[in-house]
Every structure is written in C-alpha cells, then in structure tokens.
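> Quick mapping for you: the protein sequence lines, in order, are chains A and B.
According to this note's numbering, the first sequence is numbered sequentially starting from 9.
According to this note's numbering, the second sequence is numbered sequentially starting from 731.
Rather than coming from a laboratory, the hints here were simulated on the basis of the structure.
Nothing here was measured: the structure is a model prediction, and the numbers come from that model.
Certain hints may be false.
Said to hold, decoys possible - Here are the simulated SDA-like cross-link-like pairs (lysine to any residue), alpha carbons at most 25 angstroms apart as the crow flies:
| # | chain 1 | residue 1 | chain 2 | residue 2 |
| --- | --- | --- | --- | --- |
| 1 | B | Lys846 | A | Tyr179 |
| 2 | B | Lys882 | A | Asp182 |
| 3 | B | Lys885 | A | Lys429 |
| 4 | A | Lys212 | A | Asp87 |
| 5 | A | Lys431 | A | Lys346 |
| 6 | A | Lys198 | B | Ala870 |
| 7 | B | Lys1078 | A | Asp182 |
| 8 | B | Lys1078 | A | Asn120 |
| 9 | A | Lys346 | B | Thr864 |
| 10 | B | Lys885 | A | Met181 |
| 11 | B | Lys846 | A | Glu401 |
| 12 | A | Lys269 | A | Ala112 |
| 13 | B | Lys846 | A | Lys207 |
| 14 | B | Lys846 | A | Asp363 |
| 15 | A | Lys346 | B | Ser805 |
| 16 | A | Lys346 | B | Asp874 |
| 17 | B | Lys1078 | A | Glu114 |
| 18 | A | Lys108 | B | Lys885 |
| 19 | A | Lys14 | A | Asn136 |
| 20 | B | Lys1078 | A | Arg166 |
| 21 | B | Lys824 | B | Gly782 |
| 22 | B | Lys1078 | A | Ala112 |
| 23 | B | Lys748 | B | Lys1078 |
| 24 | A | Lys346 | B | Arg873 |
| 25 | B | Lys846 | A | Val361 |
| 26 | A | Lys198 | B | Thr864 |
| 27 | A | Lys429 | B | Ser805 |
| 28 | A | Lys429 | A | Met399 |
| 29 | A | Lys207 | B | Lys882 |
| 30 | B | Lys1078 | A | Asn169 |
| 31 | B | Lys882 | A | Val361 |
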Amino acid sequence: MALVDKHPEMVRYISELEWFKFLREQTVALIEIPEMQLQVKTLDSLLSMYGRIIDAVENNKPFLASYYCLAPELYTAMDLPYYMVMQTPFLASSVPYLLKDIDAAEEMGLGNDLCTAIRLSIYYVEANLSPLPTCALNLLYPCDGAPLLHEVIKRNQRWRNIPMFAPDPPYYMDERSLNYFAGELRNMVKFIEKHTHRKLDLDKLKETIECSNQMFRLWDEYNQLRRNVPSPHGWGIGGPQCFSQAWVYQAGTPEGVDWFKKLVEIAELNVKAGVGPVPQEKIRLFWFDLLPFGWVFEFLPWLESEWGAVMVMDMFANFPYTMIDTSSEEKMWLGLAKRNLFDSPMVRQARGVADNFANDIRRIVKDYKIDVVIWPGHMGHKDGSATVGIMRETCRDLNVPFIHLGLDLFDKRYSTPDQIKDKISQFFRAMGLG
Amino acid sequence: METPIKSKVFEQFNEATKTLLNPVLQDWKKQGGKIIGYFCSTVPEELITAAGLTSFRMRATGSTSTEMSDAFFSSINCSFPRHCFNLALTGEFKFLDGVVCVNSCDHVRRIYDNWKRFVPDTQFIEVMSLPRKTDPPQIAWYRDEINLLREKLEKHFGVKISDKTLWKAIKLHNETRRLQKKLYELRKKDKPPITGSETLAVMVAGTAMPKAQYNDMLRELLDELKGVEGPGDHRARLMLVGGILDDPAYVKVIEDQGGLVVTDSLCFGTRIMWVEVNENIKDPAEALARYYVAERPSCPRFYGEHDNRSNYVINMCREFKCDGIIGERLMFCDSWLVEHYMLGQDLKAAGIPMLKLDREYITGGVGQLRTRAQAFLETIGR
Ligand code: SF4
Ligand code: SF4
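My request is simple: use the sequences and hints to build the entire structure.
Structure below.
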C-alpha cells in the first residue's frame, strides 16, 4: 500500500520531496561550478531530512514538528528528525502549486491580509496536508501570526491528541529573560523525553553544540569574506543556504561543518580572484527580510543583471555568532536560550523592540559597505511595517538610501515582480545609484 | 433604537466617550492629579490607582486622520495605533503624565518604539512583557513585571505603593467590576432598560476617570435604572465579540437596524470585568498576575486558550438569550481574524449564527455596515 493511502496527510510533503529532487537534477547539470556543488550538498541534506521524516511515518518512529529557533541542536543530540509546519513557505515556496494553495487558504475564510506564510500553513494543517508528528513544539514568536497558527493547530481535530509544548518568549533582551527562556527550554526537553522516550544525553549535547559552534564560527568567517568589494557571492548562495544547514538540516552535525568549510573555501577563491556574481558590482545592497522565495527567480537575477546590484547581506545571513560555552550544563542551557532568542534570524529582530532592527542596520551598513538598504515590507510583517519611520531615520543618520517596497514574499500577485522592478529602478535612478 | 434613559449621570458617561480629556479628568488635572495612559487591558490599572494616579485606557476618539503617523506606520497596520499615534504627534495626549505599553500585538507594541523616539515630552514611558501562555511560570514572570513597573512608578512619581495601598486599589477596581456586572445583569431582561451602545458608553467612561468617582456615578445610574423597562421592540438579541471597540456610534448603527446588543466579549466589555481579582491571596502582585494572565476571560493574545474563549462566548450567548453573534475585527488584525475563523466553526457546531465584520477604527461611512447588519437580522430576527 502506498504511503499516502495510509497517510493522506503526507501528499504535500511527498510532492515537495519530488520538487526538490527535480531541482537537484537541474543543479547537477551545472556541477562544474563550485557553488553548484555546494547547492547539491544543500539539497542532499534536505532530501535526507525528508527521507528521515517519511521513514519515521512509515515505520512509526518518533519525529517532531518544530522550528529552527527552538534549539534544533537538541533534536540532533536526541537523534530526532524534525520538520517545520511552516516549511513550505519558508523553504519550498518555489513549488509550482503555491498560488493554488494560497487561493485555497483564502477560500477557507482566512482572508488576504494575514501573513501568507501563516495562511498557507493553517491551510495545510486544516486540509490534512501536514505530517502528523509524535509531538509538536509550537512557536510563540516572533510575530502574532506564529502563536495564532499554533492555536489553530492545537484545536484541529487531527492534531488535538498530539502532545504539544510551546516555550514562551519574553520581550526583552536581558539576563532575566535569558534565565526564564532557559527554563522554558529545559521544560521543553522534559516534554520531548516523555513523549518520544528518547533521553537527552548531555555528552552528546555537548558534542553537538561544539559542532554547531564550529559551523557558526565558519559562517562568521564566510561573512567576513562578503565584506570584500566585490562581494564573492550575491543572492544565489549565502544566507538562505547557510540558514538551512546551520538551523534546520544539519544543526550541529559534522556534515554541516564540512559544508561550511567548503563554502569558505569557495568564497576565498572568489575573493582571491577578485570576482563576484556579476562582472561589475555597482550597488551593494542589504535586503532586510527573507528573500522573496515565492518569485525569487523572477526578480533577484534581474537586480544583478540589470543594475549590477549585489545582495551582500540579508536578514537570515547575519547575527551575532555567539558561541555556546559547553563547560557546564547550566551554561549550555543559557547559551541555547541566547542563541535561539537573541541571535536567531528574524526572531532576534522582530520579537522585541525596534532597536533590534535599527542596530542591525547600523552594524551591517558599516561592516559591509552597503549602498542601499531595501526594506521589503512583507505584508505579514506588521511589526516591521510599523517601524518603517524609525528605519528610514536610522538610514538617514547613516547617510545611506532606504527604500520601503511593500510586497508579499510568497505571492507575486500582491505586488508583481514588474511593479517592484519599476519601483526599484526609479529609486536607484533618483538616488544616482548604479 | 432608544431606551428611556434621560439621566444626567448617563450624559456624563456619554460625554466621556466623545472626548479624550473629559470634564471629570479636567477637574482631576486641575486638582493636580496625574494621568497615565495604558495601551491594553492587560496592563494592571490597579497599580496606577495605587500610585495615586488615574489610569486612562488609550483610544483615539475624535481623530480624523492618520496623515502624520503614516510616515511611521504603514497602510497594512491596524488603524487603531495609527490614529492614536497621530493624536500623539499632534499633541492631543499632552494631558498624559506617562504611558504604559505592552507587547499586546504587532501593531500596538510598535507604538512604544515610535512614541519613545518621536514624542519626546512624555517623560514616563514603559513597555511590559506579557507572556503568551497562562501557566505558573508565566504568572511568576508577569508578577515580576508588575513589581518592576511598581518600582518604576514609585521612583518616577515619588510615591510608595505598599501592599496595603495596592490591596485597596484592587478592592476598588473589583467594586467597579461588580457594579458593571450589575448593569449587564439588567440586560438579561426581555426589555432591557439600556441598549448596547449606551452600555458601551458606560464601560468606556470607566476607563477614563478616577475609579472611586466612577463607581459613585455608576451606582447612581443603577439606581435610576431600577424597575425601568426598555421598549422591547428589537428584532433580535445580539452579542458582540472582538477587540478594541470604543465607539458607541458603531453599535448604534447595528441597533438602529433592530438588533439589540445585550452582551459581549470585548476589551471595553465583559472581558475586563466578568471575573474579579482574587482577594484571598497574600501577595497583591501575585493576585494581579494570576488575574491578568490566567483568570479573567482571555483574548486571542493568549495561546492555548481558544477552547476556553469559545466556551465563554457560547455560555455568555446562552445566558443572555442571544439570537446571534457579531464578530467585529479591525482590518489587518491577525489576532481577531484567526480567532473569528475558529470561533465561526465552534459557533456553527453549536448552532449559533455569526456575522463577521471588518471595520476601520474610526467609524466612517456606515452604509455597508447597515446593509450587512440588516441582512444578518433578516436571517435570524423575528
Ligand atoms: S485584544 Fe487583547 S491584546 Fe488586543 S487590546 Fe484587547 S486585551 Fe489587549
Ligand atoms: S485590533 Fe488587533 S491589530 Fe488592532 S490593536 Fe487590537 S489586537 Fe492589535
């Protein structure tokens, strides 16, 4: 009997897997290019995680629904595969059926002003298109959408009996918050142990964290290389792939360390040769959000070819790479709390006060010789949209041009790629860029 | 729909909903009293009262534009904070001696960031960190938040908030809740002596004047309403469910179509008074934390509580013999969109008709509201 007959909720997950296999084939065709070799490795790690989840469903093994910012090192240490309920919009929104699913979500009564990533994920859960995990770790940050999605999940008939735990996020960035959140993570592990019958071995955790420390150190090293003019890489490789390795598919694994070593190696070669993604780098831009994954290929190559505009940094590519001290259990918990609450991309900025965004702008503009800050203004990021004045002023102080676009990262019908291109071209011209 | 209320005290309440600095607050100011604005009903007002200050629930009554705040917020932000911040920029909140914000939603929490930078004359501005869950560690966290705010108020305003004064304030606020509940009890009658829009005026006024004085006025109103009967000519009894609704005129449009609003689950309604703070706990900060995080009827800001919220609405609907429910939501509000999505399913299962309405914070053209309310009443009304 096919898996989907017994587990109809796996249909979408399997079509995603097929989609990534297809993308891998396309990438293999370009294997001569070193960056493509790395892309193949990225896809392999992703396919391996898909494989593990499918195996778990087929053979009744434990697996989790969780998130990158809920200490994935713990799951690696406990040998538990995990997937994100928000996986499709975050990691697979190039899938060909995305717009159809967005429409289906709207028809379900979710309107069209709620973040598309949340709407889609609600749709997948309500329409029984999300794998049913052994237990779920629900996300209560960085925005209103995340807890709302998980409230729907908690209430859904098929998910109702799945054990769930959701660590509560404090709003500040201080010692008290850290201790509180470390307590939440400890309770989370007790919960996982209870429901998966897997024990967390502290030596294994230490080993995993040391691996992930190494990955973060290499990521930081790689980012230093992107300070070069020209930047060794643009949007095509960097933030999203590093994110997928360090936070999702290879959190704290030796394979992840190898992946980052290779990345640094490739970037170093480019730096030495003085080459970047375009023949002539004219504009160095900071894209302060997720990439527009739903229409990435229709837009980002254009920025490079039309304007020589290279995405030197994006929201998911840069954060304080704080190492976790593994000298005691207590320090490991505090370190995990800090990494996941104060460092993890998007969470570090959007969860708390607006200074967190503004300080990142200041740091990145200076460190990466940024010529323009693009504030995409994704329709779901309501807190970000409510800080647009503060960000504009921050950039004015730094004397760097700032543009707020207003788009949907996943649905290209909200503002079409052509409209966005026009807006950007007009702005670049007006600012005398490029 | 008119009720026979011809009362001076009611006029005072009504007046208070039409302005920000109402006459009672003006008097308070004249006597040297200080006022603290707060942005969400999860801010423990009792603490402000215990500091000898008056709490003022933020609203943007009278705002006609968001022209100035549009440079700081975007068109995808809820119109409530946009109007509020516009009034802050035009100096309409100069009467406030401080503002307490909370990370209640993605729109409102940014008021803190913008206010702090762009309204520099406000000397006291704080943001509280409200938990998302209602478990014991979250209560402990919020108790500490309350104590931190207590220290800050003491320091800034040069006062001492002892346990004794805090208990006194809690008792005073509980008395407010009891009196308001009495008013709601009157609405259970077949011919309620007060409409939904009038009740909302009474409730809103309660967030904009010193509680002791408000309680006296409310007692007077309750006396006046004793034995009074309303016309009873409504076509249906309705319950309103949603977030910040502070404009009685909005409710009046619905009632003018014949749907009498008899109860609610609103931020200016039952959610702030149906349950009281437990007075049998040793530590007043703990009592407040338990109340604001876990004990009172929750709003969608709290995770894991949807079933309780739905049950609350359904029970309330039955207790007040409602024929249907109107779920109102401000455009771009994620919390209430998803809540109404889930509630709609629960109400369907319970056989209770529901109408979902999106609106802007400032009630503008009412044509569409009228039409939709009429259509709803056609399907459920007598
Ligand atoms: S709905 Fe909840 S979070 Fe929003 S203002 Fe009301 S009490 Fe506060
Ligand atoms: S209506 Fe919703 S978005 Fe607007 S302030 Fe209230 S909770 Fe926030």
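> Now, for every hint given, state plainly whether the structure supports it.
Each hint tested on the structure:
1. Distance hint between Lys846/B and Tyr179/A is fulfilled; the C-alpha atoms sit about 17 angstroms from each other, no more than 25 angstroms.
2. With a C-alpha separation of about 17 angstroms, the suggested pairing of Lys882/B with Asp182/A holds against the 25 angstroms cut-off.
3. Under the criterion of a C-alpha separation no larger than 25 angstroms, the hint pairing Lys885/B with Lys429/A is inconsistent with the structure, at around 53 angstroms.
4. For the suggested pair Lys212/A and Asp87/A, the alpha carbons sit about 10 angstroms apart, so the restraint of at most 25 angstroms is met.
5. Among the hinted pairs, Lys431/A with Lys346/A is inconsistent with the structure: their alpha-carbon atoms are about 38 angstroms apart, more than 25 angstroms.
6. This hinted pair checks out: Lys198/A and Ala870/B have alpha carbons roughly 20 angstroms apart, not beyond 25 angstroms.
7. With a C-alpha separation of about 45 angstroms, the suggested pair Lys1078/B and Asp182/A falls outside the 25 angstroms cut-off, and the hint is violated.
8. With a C-alpha separation of about 22 angstroms, the suggested pairing of Lys1078/B with Asn120/A holds against the 25 angstroms cut-off.
9. Distance restraint check for Lys346/A and Thr864/B: the Cα-Cα separation of roughly 23 angstroms lies within the 25 angstroms cut-off, and the hinted pair is therefore satisfied.
10. Between Lys885/B and Met181/A the alpha-carbon distance is near 23 angstroms, which keeps this suggested pair within the 25 angstroms criterion.
11. Using a Cα cut-off of 25 angstroms, the hinted pair Lys846/B and Glu401/A holds, with the two alpha carbons roughly 14 angstroms apart.
12. Restraint check for Lys269/A and Ala112/A: not satisfied, since their Cα atoms lie roughly 42 angstroms apart, outside the 25 angstroms limit.
13. Taking the CA atoms of Lys846/B and Lys207/A, the gap is near 47 angstroms; set against the 25 angstroms cutoff, the hint is violated.
14. Between Lys846/B and Asp363/A the alpha-carbon distance is near 11 angstroms, which keeps this suggested pair within the 25 angstroms criterion.
15. Under the criterion of a C-alpha separation no larger than 25 angstroms, the hint pairing Lys346/A with Ser805/B is inconsistent with the structure, at around 34 angstroms.
16. Taking the CA atoms of Lys346/A and Asp874/B, the gap is near 21 angstroms; set against the 25 angstroms cutoff, the hint holds.
17. For the proposed pair Lys1078/B and Glu114/A, the alpha carbon gap of about 19 angstroms is at most 25 angstroms, so the pair holds.
18. Restraint check: the Cα-Cα separation between Lys108/A and Lys885/B comes to about 57 angstroms, which exceeds 25 angstroms; the hinted pair is violated.
19. For the hint linking Lys14/A to Asn136/A, the alpha-carbon distance of about 13 angstroms falls within 25 angstroms, and the restraint holds.
20. Straight-line distance between C-alpha atoms of Lys1078/B and Arg166/A comes to about 19 angstroms, which keeps the hinted pair within the 25 angstroms bound.
21. Using a Cα cut-off of 25 angstroms, the hinted pair Lys824/B and Gly782/B holds, with the two alpha carbons roughly 19 angstroms apart.
22. Between Lys1078/B and Ala112/A the CA atoms are separated by roughly 21 angstroms; this keeps the pair inside 25 angstroms, and the hint holds.
23. Under the criterion of a C-alpha separation no larger than 25 angstroms, the hint pairing Lys748/B with Lys1078/B is inconsistent with the structure, at around 36 angstroms.
24. For the hint linking Lys346/A to Arg873/B, the alpha-carbon distance of about 23 angstroms falls within 25 angstroms, and the restraint holds.
25. For the proposed pair Lys846/B and Val361/A, the alpha carbon gap of about 11 angstroms is at most 25 angstroms, so the pair holds.
26. With a C-alpha separation of about 19 angstroms, the suggested pairing of Lys198/A with Thr864/B holds against the 25 angstroms cut-off.
27. In summary, the hint linking Lys429/A to Ser805/B is supported, as the alpha carbons are separated by about 21 angstroms, within the 25 angstroms threshold.
28. At most 25 angstroms may separate the alpha-carbon atoms for a hinted pair to count; Lys429/A and Met399/A meet this at roughly 22 angstroms.
29. The suggested pairing of Lys207/A with Lys882/B is violated, with an alpha-carbon distance near 44 angstroms, which exceeds 25 angstroms.
30. As the CA atoms of Lys1078/B and Asn169/A are separated by approximately 22 angstroms, the hinted pair is consistent with the 25 angstroms bound.
31. Straight-line distance between C-alpha atoms of Lys882/B and Val361/A comes to about 19 angstroms, which keeps the hinted pair within the 25 angstroms bound.
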